[in-house]
Amino acid sequence: MNKFKSTITPYLFIGPALILLLIFSFAPILVALAISFTDMNLSGLANWSQIHFIGLENFIKLFHDETFRQAMLNTLIYVVIGVPSAVISSFVIALLLNFFSNWVSSTFRVIFYVPSITNIVAIAVVWMFLYNQEYGLFNYLLSLIDVDAVPWLEDPLVAKLSLILIAVWKSNGISMLIFLAALQTIPRMYYEAADIDGANRFQKLTKITLPSMSFATFFVTVTTLIGWLQFFEEPFVITDGGPLNGTNSIALFIYQEGFQYSEFGYGAAASFVLFALIIVATLVQFKFRKTD
Amino acid sequence: MKKKTGLFVAMMVGILFILGACSSDDEQAESKDTIKVWTMSPALEEFVKEYENESGMTVKVQTIPWENAHDKLLTAVASGEGPDVLQIGTTWVAEFAEAGTFLDLTDYIDDYENFSPDNFFKGAIETTQYDGETIGIPWYVDTRLLFYRTDILADVGYPEGPETWEDMIDASRKLTARGDDQYALDMPTTDPQFPFMLAWEQGWNYKIGEGAANFEDPAFKDAIELHHLFFEENFSQLEEGKEFFQAFSDGSKPMFFSGPWDIQTIKDRAPEIDGKWDVHLMPKAENNKSMIGGAHFSVFHNSEKVDQSLEFINWMADPETQVAWYKHNSELPANMSAWEDPALTEDPMVSTFGEQLKSTQPLPLIPEFERMGQELLTTLEQINRGGVDIDKALADYRKEVSSILEE
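Listed in order, the protein sequences are those of chains A and B. Everything in the first sequence is counted per the UniProt record's numbering, starting at 1 for the first residue and increasing by one. Everything in the second sequence is counted per the UniProt record's numbering, starting at 1 for the first residue and increasing by one.
What the hints contain is simulated information worked out from the structure, not anything from laboratory work. There may be inaccurate statements among the hints.
[Unchecked claim] Straight-line C-alpha distance at most 27 Å; calculated BS3-like pairs for lysine-lysine:
hint, chain 1, residue 1, chain 2, residue 2
1, B, Lys358, B, Lys221
2, B, Lys327, B, Lys36
3, B, Lys358, A, Lys61
4, B, Lys327, B, Lys122
5, A, Lys61, B, Lys392
[What the hints assert, rightly or not] Restraint ranges, calculated between C-beta atoms of paired labels, are given here:
hint, chain 1, residue 1, chain 2, residue 2, range
6, B, Leu229, A, Leu95, 50 to 60 Å
7, B, Arg178, A, Leu141, 23 to 33 Å
8, A, Tyr140, B, Asp274, 41 to 51 Å
[Stated by the list, open to error] Interface residues of chain B toward chain A, partial, derived using beta-carbon atoms under 10 Å:
hint, residue
9, His70
10, Asp71
11, Ala78
12, Glu95
13, Gly100
14, Asp104
15, Pro188
16, Thr190
17, His301
18, Glu304
19, Lys305
20, Glu381
For every residue, glycine included, the Cβ atom is placed at its ideal position computed from N, Cα and C.
The whole structure should be built from the sequences, with the hints applied where relevant.
This is the structure:
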């Protein structure tokens, strides 16, 4: 009896969570995978006999779809520019905040963290005013130094960069906290030993701080990369994928197909492409970490 | 420890009791004199009080914002859990009717005095017919007109407003010539219905059987060229620009197309130009057709209270109720005899809308049309912003349409 009890206890503890996870996370993924091979749309939702199995047709169509290819390219640009800038900027902020341990540090920690907990719609409204071409603050400041008005949200390329700027600013808070926590766990004696050896600041940074932070950096990079691959809120609220589809992302494309046009099958197929991309990108990073 | 357990049990019992009380409350409200209504008009909740007093029924109104209405209806269709009566926008009729959302009302038309199709604008009735079924009864209608600044248009020789598209172009040239940042017209770029209105005015019409071939008609290309002309010659601003009502008020964008709701919006947002603006029928080319939109009341397909629901819809469709609704919420009656009421005839702007309603057309009732409209907006963006050649863009559009129709 006692043995039985001790074997069953851990399962009883994780059981409820596991069941919830299976029902609400894994089952929908499987359902979505099944849907991605069908032509399910609104009428199929009401009447299941209208749903037909069409094999890989959705996936083939996706890669011929100009809008989707553009969304893939945009997402790639978001990731390539966004991930390094988000990681590096939050690292630098954490490093700077770590220099002080007084009210300055706590105040700025709050200032950098606030965007992370602010509603995206509120952020969007404020930034859209900042970016406004007629009376936005940015163009006003530029006009003071005689620079022509920049079409912040009106040009496909500039709009992409504008959205990246917002997203980096918004995501800094959380990554910064993780970096700060990691910085504070580095034993002081390393630095004391380095001081005795006469190391300068730069040497201490590259030889002690950076290597000690490698796990935190890895964690932040992986989560940031996944987040940027699913880039959705900013283009959805601010530009709706425009102008000229220049800010559309894969996640937004899935939303448009699935929920605006009710093409559930097609949307599900696109979401599996995204799913595969995220898995691959994450695996690649784990691979790199092993070779460290 | 025991004490704590006892307290915990007592709390759980208490919670269960409260929950139980709630659910029995719900059941009571579900009695046969109660109907559930989903609407996108917040004002309806207040408005139905009168009906409740008259009939002794209880009408539970749930207001859904337009932005969420599509999702909410989708969920209702998927789960089969809908209201008894629901409001449906005319452009969604085909999509949801195809999914079997609505009860076919054909057999009930003769049983209720206000349901006769002869009572309503022809365009409104056309959007209640899908696949041989009558899926709803018109509630209110809306159409688009030209809003313009009388003082500024008088300066360029059109005090009464431009009559034809040639007048429009001529006036626009003069208005744009006023200087930098002076435009003529705020061209709608996010309204998928607008380009089709332009095409109707050029004599184009969508024939359902022809599919993508419809867009080979030269009249359609004329409409696209007209649309492009406004951006090419800077009559309209491509960028977001100033806040619109400010631009209308300071005269930098003295014309725009919109529906009846903007009469009140201008009064509220730009009171300083009171008396300096008016509405005009759509400019004419081959004709001056505007779109007819609005909303219907439908009965959800598995409602158990069909008679009570129809009784309520019958009351809403009554000319008197429709006039009262107009006074209550400024939405235009779909019932033609309601338009004889002085509340509507004595307001010149509203009666212009009434006049335009005689020259309207509904969008083709096929589920794919919403998508076609969105793709057309993309095509127009490619032409106006991306500088793509019109012939090439239209050829691409036809390809896109045929793949949409294939699905």
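Hint check:
1. Lys358(B) / Lys221(B): 26 Å, holds
2. Lys327(B) / Lys36(B): 24 Å, holds
3. Lys358(B) / Lys61(A): 44 Å, violated
4. Lys327(B) / Lys122(B): Given that 27 Å is the threshold and the Cα spacing comes to 23 Å, the pair holds.
5. Lys61(A) / Lys392(B): 22 Å, holds
6. Leu229(B) / Leu95(A): 50 to 60 Å: Because 57 Å falls inside the window, the suggested range holds.
7. Arg178(B) / Leu141(A): 23 to 33 Å: Since Arg178(B) and Leu141(A) have Cβ atoms about 29 Å apart, the given range 23 to 33 Å holds.
8. Tyr140(A) / Asp274(B): 41 to 51 Å: Given about 32 Å between the Cβ atoms, the range is violated.
9. His70: 8 Å, holds
10. Asp71: Check passed: Cβ of Asp71(B) comes within 7 Å of chain A, closer than 10 Å.
11. Ala78: 5 Å, holds
12. Glu95: Check passed: Cβ of Glu95(B) comes within 6 Å of chain A, closer than 10 Å.
13. Gly100: 5 Å, holds
14. Asp104: Cβ of Asp104(B) sits 15 Å from chain A, so the hint is violated.
15. Pro188: 15 Å, violated
16. Thr190: 9 Å, holds
17. His301: 9 Å, holds
18. Glu304: Nearest chain A Cβ about 18 Å off; hint violated.
19. Lys305: Nearest chain A Cβ about 21 Å off; hint violated.
20. Glu381: Given a least distance of 6 Å, the restraint on Glu381(B) holds.
Checked against the numbered hints given earlier, the structure breaks hints 3, 8, 14, 15, 18 and 19 and satisfies all the rest.
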